[in-house]
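Chains as they are written, first to last, in our numbering: chain B, -7 to 668; chain Y, 708 to 825.
No lab work stands behind these hints: they were computed from the structure.
Quick caveat: nothing in here was measured; it's all calculated off a predicted structure.
Each hint should be verified, as a subset may be incorrect.
As the list claims (entries may be wrong) - Incomplete in silico selection of chain Y near chain B, CB under 8 angstroms:
#1 V717
#2 D719
#3 G720
#4 N757
#5 E773
#6 H813
Ideal placement from N, C-alpha and C gives every residue a C-beta, glycine not left out.
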Amino acid sequence: MALIPIRDILANARQESVQLQHHYLGVEHLFIAMLQIRGGITASLLEEQGLHAEYVMDAVRRRAEKGTAQRLWVGIPYTPRTLIILDIANDLAADAELPESTEREILSAILAERDSLPIRVLKRLNVDIEKLIKSAQTYTPIRDSQPLDIRVEFGDLFDPHESIDGEQLFVLRRIFNEYTRIRVDRRLTGFRNALILVVTPIQADGREDSAVVVKIDQSDNILDEYQRYESFVKMALPLQTARLEDRPVAPESSRLAGLKYTLVASGGAPPLDLRTRVQMLGTGGLGGMLHRELYEQFRRAWWQQKRPYRFQAWQEYDWLMPPVLTIDVCEPEELPANPFSLRVPVNRARLNTKMKFLQCGDPIVIENFVVQRIDRDNGVLKLAAGYGAEADKRAYRIDVRGCNFEKQTYYRGQTLDRVVGKVWKTRLEMMADAMVELEPDFDFSARTIPCGDLQLPNPILLYEDMLERYVNGSMSKIHGDMHLGNIIAGPNQSLWLIDFGQTRDGHTLFDWASLEISMLGDGVMPLAGVRWDIARQILACVAAISSRQPMPLENISLLSAMSTVSTIRDIARECLTTPDDWSEYFIAVALCALRAITWKSMPLGGRRLMFLLSGLAIHEVLNQENPSGEKPSADPSVPMTDRFVFSVPGLTPPKTELLSDEENFTLRDKRRDKKL
Amino acid sequence: MLDLMIMSGVDDGLQLHYRTDNSDGQWETEANRWLISIGRREDSDLCLRNDSFVSRLHAYLRWEQERWWLQDLKSTNGTFVEAGDEDARVTGTIPIEPGEMFRVGHTWMRIQNESTLT
Chain B
-7 MALIPIRDIL ANARQESVQL QHHYLGVEHL FIAMLQIRGG ITASLLEEQG LHAEYVMDAV
53 RRRAEKGTAQ RLWVGIPYTP RTLIILDIAN DLAADAELPE STEREILSAI LAERDSLPIR
113 VLKRLNVDIE KLIKSAQTYT PIRDSQPLDI RVEFGDLFDP HESIDGEQLF VLRRIFNEYT
173 RIRVDRRLTG FRNALILVVT PIQADGREDS AVVVKIDQSD NILDEYQRYE SFVKMALPLQ
233 TARLEDRPVA PESSRLAGLK YTLVASGGAP PLDLRTRVQM LGTGGLGGML HRELYEQFRR
293 AWWQQKRPYR FQAWQEYDWL MPPVLTIDVC EPEELPANPF SLRVPVNRAR LNTKMKFLQC
353 GDPIVIENFV VQRIDRDNGV LKLAAGYGAE ADKRAYRIDV RGCNFEKQTY YRGQTLDRVV
413 GKVWKTRLEM MADAMVELEP DFDFSARTIP CGDLQLPNPI LLYEDMLERY VNGSMSKIHG
473 DMHLGNIIAG PNQSLWLIDF GQTRDGHTLF DWASLEISML GDGVMPLAGV RWDIARQILA
533 CVAAISSRQP MPLENISLLS AMSTVSTIRD IARECLTTPD DWSEYFIAVA LCALRAITWK
593 SMPLGGRRLM FLLSGLAIHE VLNQENPSGE KPSADPSVPM TDRFVFSVPG LTPPKTELLS
653 DEENFTLRDK RRDKKL
Chain Y
708 MLDLMIMSGV DDGLQLHYRT DNSDGQWETE ANRWLISIGR REDSDLCLRN DSFVSRLHAY
768 LRWEQERWWL QDLKSTNGTF VEAGDEDARV TGTIPIEPGE MFRVGHTWMR IQNESTLT
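Given these sequences and hints, build the entire structure.
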């Protein structure tokens, strides 16, 4: 039976003290807090002697008398007697080899000390103290004791349609177990299943402490994030920023855990993530803030470390793409004699060839892949190669559907010798599905996408080529998930990073490519709209930024939003490994943008722009690599639109082959099925 | 010597030691008399600054005729001793035994058992 730990009792005792206007933590408050525990030892033992807990509480309160509103000291100090009793309780806990004292030890200590106000009250109520002492040592409550709830309130800015489920609330209360009341000010826009909240803890006397950012997610993710913070982030933060000061709270009885980011020197208005800030206040001044408060503050320890790093793009970017394969798990007996097998280490050339012919229902054997994440809700096991450095070990993602987690236990980091299944979807099909949502009549086999009078390469056909490319880049400490939702606007326009779940040493420009994607998708497009022609117009502006041309825009708020993108490009310029060689950035943008077309959380307009942006970025990469005489990319004297003409002869032949007609047929068939 | 223990409030559990040869209180050797002042005033022998129900000069504890006496000095909120379920207000001077609880303002205290001048 779990007994209530000392910190929960102290929290309730403080609340009692404030209600009595005592403002000190005396034995009487401890005792009342223990009586308030439903099914607790103190209440149960007194009931045995014929005294109802409520009655005893009232008697203690009457004896203690209510204080005055006037405060004669600060804080809620412990009385000398409380300190003695907590000392005794600690010794008792140590004797019992407990990590901390519980209700039992505190009650025993109060009874052993014999001299406190509640003991005087009990004596007056003719309680048999000796009997209490004896039974306190052995009594076991029938049910788990329940402490008083920490009251959770919701601020005006919290969207009432958002809900926090019971398990998340449980973890939330555990994080703030030293308080009696907290206010959830708002939910920060996060991705995946993580719950990210701004919470103001409230002291027992109603004073509010500084707001903090709380993240609640599956416990392995939270513990991993904490580990990353400890090894990558802790020593590399500017003076004023969000920090993790406490260890994560991971209750044994829950699969969730929580982290608390303290926001130093916060005060006044609750902190705001940039995505919400952009929605509420627009983008005015945002570019300057990003440069001054984010880049300048963090760059020394982060993006300006820049160690030379030559890598194949897939090593850093493959894991961003949809899973290479999604398979349905099946029984080994169902397999034919020689199924296609995919094993770690992956033979990339073989995989690429094979992938073109895999179809829904094809049997497949997966060997030596490593568990990355366990999606219990959907019964999906997320695997990756788990081989190599930080990012490339997350490459070759494979989702295994239909796993029975009841029957078999899996843990993150586990290597699975062999998983047999049948192909459900390939990466290409996942992309195709996402594209159908953007444009039902999209022609997957088209080499170019018309963009006004421009022709852009089709990213669906060329992303493999991008992944194969070698990048002469640099490696730095990067945030790894730097979108507007993970940047917090603190007081005095300061900007802080939160959510270090993906922080690692990696391609320096990844963070800025991600932020550009986020700014365009979450900041610009919601202002502009969802139509393709609008996406094309915004794309022309992005192209204008690349060539340092004035943007063809008149709308002031759009211009302001686009100037933020321009600032991000300025920062990216400072992070380039070879000055003015933008290809490493455009490869990152091409792949990050393509990833974003599959994000359901990004508005449709944003995803459409992402598709075009991916095409534009690929175009820039190809152009930079093979600048043909008639289309000089860097010559500002040539009108922008001319540089956009993308003709097939100018295209470097992609290393992967284009889809055969037969494969195309399969894809189109799928689409037709979908429409029906 | 006099050992006092505070029995309630923010100073609950605090032990105070007074000694005649340490110029605590007013000690008259000839009469074998000792006077300990209790009040909120800073120069009180026992200063209860944390209890706003205590008057500036609230009460005396006196050693006279080989025993302890408690004298209320017409305090606003009174001096009390335990008496059954109700507390009894002290008027003038009453004898007080070591171990017996008394209350000055809202602060309970008691003379510890070993407190004697012999």
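Unmet hints by their number, sorted upward, for this structure: 5
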